[in-house]
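Participant: If you want the building blocks of each chain, they are given just below.
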Amino acid sequence: MGKQPAFTKRFAPSEADLAQCVRCGLCLQHCPTYVATGLEAESPRGRLYLIKAMSEGLIEPTVNVTGHMDRCLQCRNCEAVCPSGVPYGRIMEHGRAHVLHTGRAPFAWRLRALFLREVIARPGRLALLASALRVYRASGLRALAERTPMLRDRVALAPTIAGKEFKRRGVLARPKGATKYRVALLTGCIMPLAYGRVHAATVRVLARNGCEVIAPATQVCCGALHGHNGDLPTAIELARRNIDAFLAEDFDAVIVNSAGCGSAIKEYGQLLAEDGEYLDRARLLASRVRDVTEFLASLPFEPPKRLLDARVTYQDSCHLGHAQRITRAPREIIASIPGVRFIELPHGDRCCGSAGVYGLTQGDMSLRLLDEKMRYIRETGADVIATANPGCMTQLEAGLRRHGVNGRVVHVIELLDESYRRATAHV
Amino acid sequence: MIAQATILDDLSAIVGGEHAYPADESQRFVVDGMTPRAVVEPGSYEEVAGVMRYASEQGLAAIPLGGGTKRHIGNLPSRYDLALSLSHIHQIIEHEPADLTVTCQAGISVAELDRRLRVHGQRVPFDVSHGQQASVGGVLAANTNGPSRPAYGALRDFTIGIRMVTGDGRITRAGGKVVKNVAGFDLCKLYIGSLGTLGVIVEATFKVMPVARLERSVLLSLDTPGGACALSAELHRRGLALSHVQLSGRGDATGYSWLLETRLAGSEGAVERSENEVVGLAPGSHAQPAGSDVSSTDRFSGEHFDDSSLLCRFSTLPSRLAAFIGAVQRLESPDILAEPATGILRVSWHEIDGATVLERARQIAASHSATAVVERCPPELKQHIDVFGDPPPAFQLMRSVKQQFDPKGILSPGRFVGRL
Amino acid sequence: MKRSSLIRDLQGAIGRRWVLHAPEDLLVYEYDATIDRGLPEAVVLPDDAEGVASAVCIASNHGVPVTARGAGTGLSGGAIPCEGGVVIVTTRMNRILELDPENRIAVVEPGVINLDISRSTAPYGLYYAPDPSSQKACSIGGNVAENAGGPHCLRYGTTTNHVLGLEIVTADGVVVWLGGKTADTPGYDLTGVVVGSEGTLAIVTKVIVRLLHKPEATVTLLAIFDTVTQASRVVSSIIGKGMVPAALEMMDKNTMDAVEPFVHAGYPPDAGAVLLIEVEGLKEDAQEQADAVASICRELEAREIRIGLSQEDRDRLWAGRKGALGALGRLAPSYYILDGVIPRTRLPTVLDGVYEACDRFGFRVANVFHAGDGNLHPNVMFDERVQGATKKVLDLGEEIMRLCVDAGGSITGEHGVGYEKRNYMSWIFSPDDLEVMSRLKAAFGASEIFNPGKVFPTSKGCGEVSSRMRAAIARVGADAFV
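Residue numbers (this note's numbering), protein chains in the order written: chain A, 15 to 441; chain B, 826 to 1245; chain C, 10 to 491.
In case anyone wonders, no lab produced these hints; they're calculated from the structure.
These numbers were taken from a predicted model, which means no experiment stands behind them.
List of simulated lysine-lysine pairs, DSS-like, C-alpha gap at most 30 Å: (1) 292(C) / 223(C); (2) 400(C) / 66(A); (3) 401(C) / 66(A); (4) 190(A) / 178(A); (5) 319(A) / 190(A); (6) 1207(B) / 190(C); (7) 262(C) / 250(C); (8) 178(A) / 319(A); (9) 450(C) / 1233(B); (10) 194(A) / 181(A); (11) 331(C) / 262(C); (12) 262(C) / 400(C); (13) 331(C) / 66(A).
Residues of chain B placed beyond 12 Å of chain C at every Cβ, according to the derived structure: (14) 897; (15) 939; (16) 1047; (17) 1175.
Every residue gets a Cβ at the ideal spot worked out from N, C-alpha and C, and that includes glycine.
Isolated chain A, as found in the complex:
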């Protein structure tokens, strides 16, 4: 009936991408939201079909449709198991981008984009927000809110910030002996504010393994969250600035300790596919990016020698396990530590519900996934839960508090660091 397609051409998911799905359904049981709801529209196959129908102009981006798109965690578990190689993550990002750029996007989407663009991508404003969250926690307000039955579920996933910030730039560390590698560290937006200690550990571990570690001063947020939420122009802008920042010197590797950021930079080549000026350099940067676990496992790293008495389980960060397909390296690192008893987490590859800003936008589903996650964590009896992404860490910490589980959440790299440091302390 001559309706305009809901998508503008520029951001439309490519026809070839959409045609890749043969609807075999093998993704279904790997999708957390499908398993939780039993609804086809909450499955990868269903969402692809809706996006396809929108791009054909058959349906409009109604609240109903954007709701189904919104409930996607973008955990990309489906992508990892898809035998047809459907680039689901890319399709969803482009799908959201197009809704956003039709002008028919729901208010919440536009607000979210604004927040991501004007706060997350702006270090000064983000630091201000972080300070507020620090006060929220330090003042005891958080504890009070989490204990108030009426508020309990609503505040459970509010981000909280504690511990030392990581503000350093430039040369962060040099190895004691010969420098074997010169590597850059992506400091990112959230990690230095929320988990400065992870950066500190990362730097120490890299230095111990022969790396000179440098944080290029002009780097910015990687743009992952902007891309996931369909703000591709901002994501592209941030990507360009990072390409300039990290390619200013010839690093042996660009180390990332945040799975979401690592996966985003590794995909800069796709993001900038139509950017004649930057495409080649985007690919070059992507080829240099290594997750810190991936990098260490490939060295190989110096085996830790001191005992760390702990029962450890590992939650695969989705963007490490599914997007980057790195599942062995973090396990190798954990298993290398003497004294650690490693227990596989049942459904450890299933998203914990963190998923970027998902906890804020889809609180109910996020909590549901977290509660299920905590059941399995309890089953393992682990007192240390390791993972590889700041979002997952925040979410799992909220889970521990909510379920009164004794234990701590760490980045994989922190465990290695602890073992190394004990060794130093005792030698």
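On the provided structure of chain A, position chains B and C as indicated by the hints.
Facilitator: The following block gives chains B and C in isolation, referenced to the frame of chain A:
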């Protein structure tokens, strides 16, 4: 009512004079004491169809018969006009050894089919007594399975096609001759065990299997049925090369003797090891390898049940079999033949008050969640009971199936569950 | 008008949350894993048999058909509501109700995923044998409806051989049990006819399945051949010698080409076919069979034989086969999976015919199939977006089905007749045969209500209804039916 002479004339016109005759005093076609008005022996599917069209037009009740070895199964016929003998339809239609399938006519005896297939080192895993007389069609109609079911499957598992003549005389086919086939409703399942109440089975196609290279039996005498059942469960859990396990109990109020027959089949290495493990698991002194001379006694063939005055077949859960046996054993000390792996047992009484014993036996069955079917009893008792017991939950559907397939009620009327 | 009262009634019975009626929500129930389409008027997700029964009654009162849907992984359009109406989705009925290791049975709801049965019974050394390639996604209810098969059905049989009883909802909304937990249950084997009835007789709400002991030893052999003909001869030879392996699968060159980049199975680029053969039993038996199979393969000039004994090695050998179907999505935007059966001795000639026909029609075909039981799965690759391609593919499919039937085979071995193949039924069944089947349908009182347009020829088609609904959506926009 149409005169017998007319019936015979009309039937002769369909099948030829010598193949339609009165039943006389010959016991061959008597069902539960009832003698048919005519016997008809069609020589082709078309003749079967002709006979059924005629029966349908005239409203004559027909009971299809093969070797007649299963006549005692089922309720009293409500009417019985024609004995439809399939003995003259007994060819092997097609046997392609390399495809492992065979198609044969319903009247061929189990033993004859077996003999013909063994030439090629193959067999259909029928597990029936009276194989010399029992016809393939009859075995299907009565759904007769034996203790080899866990190893080789039941009839419903290895029957892949059936040709059936409907009550109104159409020659129809269900399934096919390939081993895997889901085209259309699987009517083969419906016909197996339908006791001639939905149509006349005239042909069937089976999956065949290779004859085991080595077969051996071990007989174990045990003190209790419970011990036998536990032993059998362990043998199955170990996945030993068992072709069947059967438990026979005989005795009186003072005591019972229990014999467990394990038959082993497979490659030499597997049979050897299985035999060792069977003997090793059983109390040593009691094990008695019976060698390759399998089933030499009739104790395990069920043939000694032919003269029983009440023969019941029960099916319970394997886990409850031992307790069930314990309870039924105290009821007038019957002969017992049980399959520990499937929970099926046949119990035979001699010289008892059938009605009383049956009532008690059914109570025992009910308290052990077992189904109970009377396989053999005097016609006088049959007049008062439904041999299949209370109608099953889906009886309404079954009645409606019977109504659709046999609206005139001329196919073995009254003989099935709920006197359908 | 009519539709809104249907939805109101359904909401009253099932709850608002579990009745879907917005066009976008309905749209995702118009497909399954085939190329057919059909839009429902409403979708309900009941939690139990009573919910299913009320949905059936309401649909029946409103004179609209009912189609049951599990995971929607079917390959014959079984879950597609060809004539609209209500779709009953069983994904919420996904509980394993009873696990009885001693008697080796489990009672499960229809939405339980096939593989989850084996996962939950594994601690007892038991498993559920039928293993369709989609077993990690497909539901047992769908398996029952289609009588699903799988590689290991060669030795263990298909779904029908492993289902002991069913709780069903009939066309008049009655909940009734067929069969039961015991080996024998008196009466007609109605379980046997409902299994494989493709949702046309009743809706299954509980299933009693039989479990098997895991075999002591399993050996997997992967044999690589230069040509399909060589591999086919090996199949004939194995079966002809009276061996029935647990599984005997073949993949041709095109399939290997699709699978290799994804699985990295190490298939040589110039190989013509591989056979995947699995034997199991006592370790003595498994070893002897494996040796015999290997020697047949060598005799018939296999260029390489790989043997897997450990679970890990065997998984690696199987990985290519299990991922094959999905991987074909990499070769072309669409594929059309055929499912035909032939007597095993006819394998080489019929396969030649399949390749010849595909060449003539100008389509690439990948054959990945259960060679041991003669169950062919030619996968024809095409592009749905090309004008006329779908029609041409369907014509090719018809010709291949003809080849199977002419060889004495059947038009479906495990996927079901469904919608596309219903007209081929008359090739293998006479009008009388079909009339007898319709008596069964009448006996279940299910003539019109359950999954109309499937299995038996009717005048209306999936496409017509679907395009009508789609046009309606396009015309009035998103709020069309709200």
